[in-house]
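What follows is the residue order along each chain.
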Amino acid sequence: MRRVAAIAAAKGAAALTRALRLGGGTALPGLVAERIDPAIVPQMARRLGQGSVIVTGTNGKTTTARLLRNMLEAAGLRPVANRAGSNLMRGIAAALAESAQLTGGFPGAQRRLGVFEVDEATLPEAAAALQPRAVVFTNLFRDQLDRYGEVEHVAALWRESVQVLPASATLVLNADDPSIASLAQTARGPVLFYGLEDTTWSVEALEHAADARWCSRCGSELSYAAVFYGHIGHWRCPDCGLTRPPVEVACPRLTEEPQGLGLTIALPSGEVNGRLPLRGLYNAYNALAATTTAVALDLDGAAIEKGLASFTAAFGRQERLLVDGRHVQVILAKNPAGLNQVLRTITSDGSPKDLVLLLNDNIADGRDVSWIWDVDFELLAGQTRSLTVSGTRAWDMALRLKYARVDSFPAVEPDAALALRRALRETPEGGALYVIPTYTAMLRVRELLARWSRAAAFWQED
Amino acid sequence: MKLRLAHLYPKLMNIYGDRGNILCLERRCRERGIQFEVEALELGDKLNAKEFDLIFIGGAQDVEQRRVADDLASLKGAPLREAVEQGATLLAVCGGYQLMGRFYRTAEGEELPGVGVFDLWTRHPGPRARRFIGNVVVEWQGKTLVGFENHGGRTYLGEGVQPLGRVVAGFGNNGEDGGEGAVRANAHGTYLHGSLLPKNPALADHLIETALRRRHPDVSLAGLDDRVEQAAHADAVRLATRRGIIARGG
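Protein sequences appear in the order of chains W and U. Counting with my numbering, you get residues 854 to 1315 for the letters of the first sequence. Counting with my numbering, you get residues 334 to 583 for the letters of the second sequence.
So that you can see chain W by itself, here it is in the shape it has in the complex:
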């Protein structure tokens, strides 16, 4: 009875928040459901006929989870998933309650599979509640140190979570990230590694934002045969010999295409040629993470290929919108490694860019903005036509850009609406405007652009 009440209340709260347009209606329904029935997540998760999968890591969770859902749908399954960014326990509770019947069962239960993106710090709790079939770890970067604590703290939390997973759960690990690969040492069940093998993408040296340059076993400095970004690459410890493990899923060929990426992916069962409508090396890793998880779930190559090709970006993850005749692309950036990748991707074609950077310091953004000094904004020098900075910490961003010697000093407009209007005016008609916000700034940008482009679809993100 309690569960029925919890589910009914969550459904009601979801309908209400949607009707009132309270930001997509994400947190409240789950909070309501959990309050009424604290055991709602483990009990309902057990009713998913195909079990659950957890996606976690610093960057790439939302895109990886979406790609995986596409592949599952292509294979005829019906995923139950939490919404982008709603990745605490209450987000999982909300997703389960919304998909369920009032009795707690799921329509078509035997084809139901949970795909949950889970916040780094929520992993132990989510793993215990969901008893997942697979957990995929994307990467570990320094991120919001005031909120998550130190990188080593997150790594320790993950090692503990891995130890309490059911022995049947498959770990899907990024072999190119040494701190992710080392999780295999504590695994009780099967492990699948993925990695990039196309070394034409290697850069010259570790970025300043690189974190895990030390061997997890002996503490020596790692050496790299190839660095792809951050501390991601082909690593090896010169002292104890610990090395990037051989991978089950590899990307031997990655090419840039006008509107995205072309990937050749070598699976244990053969080769898949994927086309992904997203740019940037980091998105190739997201595609590999999703593909490898699909392999762990026994999906075939056809479903993987179809899932990649039919992908549409989530808001804030390179989705393209038409506003006032300008092509606006919003790309969320919340830590140095992520923002470096975004800057590299958008500057790769060398044409002058119109750009808005929005830096907020609310709790969900991380209140400490010192991370912008670890970002290589110097990449923007000689690359901008117009530059606007905004957000609660607009002046911090302006000062960082002064140091980066960008082409002209940015316009500083703390108010997001005024900043976006200015940037749209500066962007030639038919041109592209890149909007790069932190998390809470992205919510504000979404609200404004939804109004201006009259795209009501934003509110039904998934």
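Bear in mind the hints are in silico, worked out from the structure with no lab data behind them. One should not assume that every hint holds.
[To be verified] Derived CB-CB ranges, DEER-like:
#1 W/Gly929 x U/Gly459: 51 to 57 Å
#2 W/Glu1013 x U/Arg547: 36 to 42 Å
#3 W/Pro1098 x U/Gln495: 51 to 57 Å
[As the list claims (entries may be wrong)] DSBU-like cross-link-like pairs, simulated, lysine-lysine; straight-line CA separation at most 35 Å:
#4 W/Lys1187 x U/Lys383
#5 W/Lys1206 x W/Lys1255
#6 U/Lys383 x W/Lys1255
#7 U/Lys379 x U/Lys344
#8 W/Lys1187 x U/Lys344
#9 W/Lys1255 x U/Lys344
#10 U/Lys383 x U/Lys344
#11 U/Lys379 x U/Lys335
#12 W/Lys1206 x W/Lys1187
#13 W/Lys1159 x W/Lys864
#14 W/Lys1206 x W/Lys1159
#15 U/Lys476 x U/Lys344
#16 U/Lys476 x U/Lys335
#17 W/Lys1255 x W/Lys1187
#18 W/Lys1206 x U/Lys344
#19 W/Lys1187 x W/Lys1159
#20 U/Lys335 x U/Lys383
#21 U/Lys335 x W/Lys1255
#22 W/Lys1187 x W/Lys864
#23 U/Lys476 x W/Lys1255
#24 U/Lys476 x U/Lys383
Note that the Cβ used here is the ideal one computed from N, Cα and C, for glycine as well.
Given the coordinates of chain W, work out where chain U should sit on it, guided by the hints.
The following block gives chain U in isolation, referenced to the frame of chain W:
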């Protein structure tokens, strides 16, 4: 004229945007025609303090701090102490600041030896204790300093060492006595990052001037266009005080 900076352990002690401090010192020297040289000294590298005008050490996680504590104890600590005795200029931020004291007792009760540049000690009250996290405003030499603090350890000053400034907003050394950071001779320690120096150009210039004076007693720094720096500084003061986080423990 040339400023020679020793950057201690940049690969290990770099967690809170410390690069901004180096970029700031470099820029403010170069804009005045002062040559700027920085040398990275990692684990195992000797510190020959005579070769440098200014020494910088940044913050890190506990794991890295332990490795650095060992290296300081066996290799760089003694020359560092001697350099400060002889008037060398030092800036130590966050974890680096803690290591410049007599000891740092971690949350688990382990005691890491410090260099003893300052007569101060730091204790972490335990894994459950509240971390001091947030924006900080400090009164320093009749001006303000702004930054962000994030530390579990509480630092207490002994005799013969003064706090760098008085806390206006935030926690500072220990959340009790209203002091932030430490100064002795030309050595400066602080919990403030953000990065510290870009938004506090007066402190950056104070360090540059102090460092150069040992070899160039008459040096005086020309003014720079600091309008953006001042706007960012003023905004940080406003955000730290308006949001009502003037939280000093009792």
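A quick look at each hint next to the structure:
no. : hint                             : verdict
1   : W/Gly929 x U/Gly459: 51 to 57 Å  : 53 Å, holds
2   : W/Glu1013 x U/Arg547: 36 to 42 Å : 51 Å, violated
3   : W/Pro1098 x U/Gln495: 51 to 57 Å : 53 Å, holds
4   : W/Lys1187 x U/Lys383             : 42 Å, violated
5   : W/Lys1206 x W/Lys1255            : 17 Å, holds
6   : U/Lys383 x W/Lys1255             : 33 Å, holds
7   : U/Lys379 x U/Lys344              : 16 Å, holds
8   : W/Lys1187 x U/Lys344             : 22 Å, holds
9   : W/Lys1255 x U/Lys344             : 25 Å, holds
10  : U/Lys383 x U/Lys344              : 23 Å, holds
11  : U/Lys379 x U/Lys335              : 22 Å, holds
12  : W/Lys1206 x W/Lys1187            : 21 Å, holds
13  : W/Lys1159 x W/Lys864             : 32 Å, holds
14  : W/Lys1206 x W/Lys1159            : 33 Å, holds
15  : U/Lys476 x U/Lys344              : 33 Å, holds
16  : U/Lys476 x U/Lys335              : 28 Å, holds
17  : W/Lys1255 x W/Lys1187            : 20 Å, holds
18  : W/Lys1206 x U/Lys344             : 33 Å, holds
19  : W/Lys1187 x W/Lys1159            : 30 Å, holds
20  : U/Lys335 x U/Lys383              : 14 Å, holds
21  : U/Lys335 x W/Lys1255             : 24 Å, holds
22  : W/Lys1187 x W/Lys864             : 31 Å, holds
23  : U/Lys476 x W/Lys1255             : 23 Å, holds
24  : U/Lys476 x U/Lys383              : 32 Å, holds
Hints 2, 4 from the list above are not met by this structure, while the remaining hints are.
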